[in-house]
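Engineer: The listed protein sequences derive, respectively, from chains A and B. Residue 21 in our numbering sits at position 21 of the first sequence, and the numbers go up by one each step. With positions in the second sequence counted from 1, the corresponding number in our numbering is that position plus 213.
Hints were generated in silico from the structure; no laboratory data involved. Honestly, I wouldn't trust all of these hints.
[To be verified] Only part of the chain B face toward chain A is listed, based on derived beta-carbon distances under 7 Å:
1) F230
2) Q272
3) T289
4) L299
5) R303
6) T310
7) V741
8) S744
If you're wondering where the values come from, they're calculated on a predicted model, not measured in any experiment. For glycine and all other residues, C-beta sits at the position ideal for the given N, C-alpha and C.
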Amino acid sequence: MAGKGRGIGAFTFNVEALGIGRGSMPESRVGPNPLFPNIDFKPVPLKAGEDEDYMLALKQEMRGTMQQLPHHIKAQCNKAEVERYTERYLKQRLIEDQDWSPDWNLLPKELMPKKKKMCAKKETKKKPEKISRKDAEDMLKKLDNLAKTDEGNPEKSDDETEKKPENEEEEIEGEEYDEEDVEEENDYIDSYFDNGEDGAAGSDDNVDGEATY
Amino acid sequence: MTAQEVRLCGLLLREHFGEVVEKVGTHLLRGGAQNLRTIIHETGISLDLVKKSLCVLVQHGACVFSSGRKGPGSPTEYRTSCDRILRILRYPRYIYTAKTLYGDTGELIIEELLQRGHMTMSSTVKTVADRLTQNMEEGRCMDYSEVATAFAKLVETHFLQRCPPMVKAGTTGSATPATPATPGTPAAPVSTAPPTPESFPDCYKVPHMTLVGRGKRQLCSEEGEDQRNAKKARMDSQTHGDEGISWQVNFERFHLHFRDQAIISAVANKCDQTSSEILRTMLRMSEVTTSPTATCTKPLSANEIFRSLPTSYNIARPILDQYLTLLVDDPMEFVGKAGESGGGMYVVNLHTALANLARATLESVVQERFGSRSARIFRLLLRKRHLEQKQVEDFAMIPAKEAKDMLYTLLSQNLVQLQEIPKTPDFAPSRTFYLYTVNQLPTARMLLQNCYKTVANLIERRLFESKESKRLLEKSQRIEAILASLQASGAEPEQLTEVEEMITATEKQQLEALRLHINKLDSAENQVDESIFLIESYVTSTASTS
């Protein structure tokens with residue numbers, strides 16, 4: 001009581017003007033609200049009927065089936081615990097579920113599970129860069145040569161330059177196909193073979209190319 | 214995206230796709246668009262599992278990906294949205310609606326598609342036909358063509374749509390044979406905006422599909438066996454001409470249907486059955502002509518409405534006119550008058566209707582939580598906009614002390630706002646008007662968040678309940694399995710009763726109580742979602758009009 005009196009007295013203006021009389025102030029609050037407050041009004045009962053029952057059944061069925069679909073991904077279980085009899089069956093089912101193959105046309109390529117083709121992919125990743133660099137170098141040199149030879153005998157060089165890139169392209173394509181074929185058979189030989197050729201392409205080939213012109 | 218939404222999404226993902234997907238999903242929700250490497254680094258989950266989770270999320274449409282946001286060649290980024298994940302809560306309602314509209318076939322089609330995210334038409338038709346055959350009596354089976362027609366009907370009414378094709382599908386699709394998998398190097402920068410399914414012209418075109426035959430009945434009744442067989446059947450099947458075209462459920466269309474249904478049932482409750490039938494006819498007539506975001510339907514003349522009314526209703530022309538004027542005069546303003554020509558032009562005010570329904574929801578929430586007299590104050594403020602404390606007491610005809618108490622309670626719950634208007638710039642309390650008011654939209658938003666929180670709490674509680682009696686549940690499952698296998702092998706009745714008695718009476722009681730609790734919690738989730746739907750559509754409708 002005394003506390004409340006002091007509270008009102010502390011205002012610098014006439015509190016009565018606001019329509020707040022003595023005793024009409026709500027009680028001051030101490031501390032936060034309780035986590036589970038008592039409610040004055042009981043909640044309304046849920047709707048019950050055929051529709052609701054059916055939807056309830058649908059919901060529970062949906063949850064049940066979704067948990068058995070391969071879309072439900074289980075965390076890797078720790079094997080340290082004692083293996084239980086039931087787990088053997090569970091695991092079997094898990095293995096069965098694994099073979100879910102989504103339509104990869106609708107998914108980004110990077111999500112495709114990598115299996116044995118790890119090395120193969122690395123190779124192919126490197127390759128395009130190299131080819132392009134090599135191509136660019138070749139092209140520059142060819143252009144240089146073209147400029148030089150143009151002055152001499154234009155007809156010959158034209159023929160040659162036309163032929164040359166075609167050949168090279170074919171070669172490159174040939175390489176690619178070869179590589180793929182070999183890759184599937186044996187990774188080891190392929191990589192060895194590829195490296196050797198790439199090295200050659202980097203150094204010797206170009207020198208040769210210059211020499212012919 | 215609020216904390217409540219993320220929490221609920223996490224729970225839904227965990228329940229339907231497992232904990233790994235939950236981790237990835239919530240991480241994406243909290244962190245926005247991210248690439249694969251960042252996700253792996255920040256969640257600490259193995260590469261394989263992250264990839265699988267992302268596949269699952271994309272498969273179910275909960276995650277979109279795009280590349281080249283930071284210039285060409287930048288890695289693919291993944292983004293999820295709460296909206297799509299929260300739809301999981303409404304799955305039972307979609308399925309049930311499909312059942313009421315298109316029977317068991319429609320129900321199963323929608324169910325299959327929701328379970329698997331998206332599927333091709335042929336595989337959907339096959340699985341559904343197989344499932345229907347399974348449930349039919351011996352000797353009868355479901356024809357594929359019958360299911361296919363039901364599917365086509367669902368597409369025709371836009372309840373199903375094609376999944377949007379991947380943006381760069383054309384380029385990479387042709388390039389894949391020559392250079393297998395060059396990840397992260399798209400040919401050209403792609404626009405960052407994700408394509409909407411509607412933007413493709415073939416969205417609702419049913420492809421030609423050659424699929425003859427009928428549903429097959431699996432001989433063995435074991436579930437695991439079934440799935441394997443179904444899978445095998447799908448594997449060795451020949452092409453049906455619709456490969457690569459997958460279908461998904463068009464949630465927007467379902468929401469339009471729910472909205473119409475809500476309006477119709479509101480009118481049925483407020484006025485009577487006949488007026489709701491009139492409104493149903495009006496809504497059906499304008500289903501095709503009105504765009505999904507329109508504030509009201511295209512005007513319909515009374516003559517047109519009369520002609521379209523099913524004859525079974527037996528509504529005479531003058532009675533129709535009376536009903537229409539009644540509906541126009543109704544304070545809920547479901548129907549509005551747009552003109553006088555053709556016997557009067559009428560529209561259905563869709564957005565106003567939603568706003569009024571949302572307001573009614575707010576009022577009933579206040580009434581059920583704070584009593585009818587608080588609700589009176591709340592309604593008073595809604596109607597009169599701004600009132601001083603003294604006015605509230607007078608208009609509500611509630612004794613000053615109680616009125617103050619209620620008003621302050623509402624204020625502390627943020628259902629009522631206080632607006633200060635000073636007469637002088639010094640905000641001196643004695644020279645300031647204190648006006649109480651209710652802002653419908655922010656209050657609705659707050660209520661929506663409360664609803665999300667409620668559902669999350671319900672799920673949490675349900676998980677807790679089932680965790681508490683996990684042992685009991687496992688035991689009863691085991692015994693049921695034993696019983697089933699015994700019955701299949703034709704065991705003696707004494708044996709069966711013996712096995713049955715392995716569960717004691719008290720355990721049975723506990724199980725029964727648990728079942729009751731879980732049913733109640735599940736049912737509550739479904740029904741809270743109805744409120745969520747209503748408030749959500751109100752909030753989105755205000756966003757599209759303003």
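Engineer: Tell me, in ascending order, the numbers of any earlier hints that this structure violates.
Structural biologist: 4, 5, 6, 7 and 8
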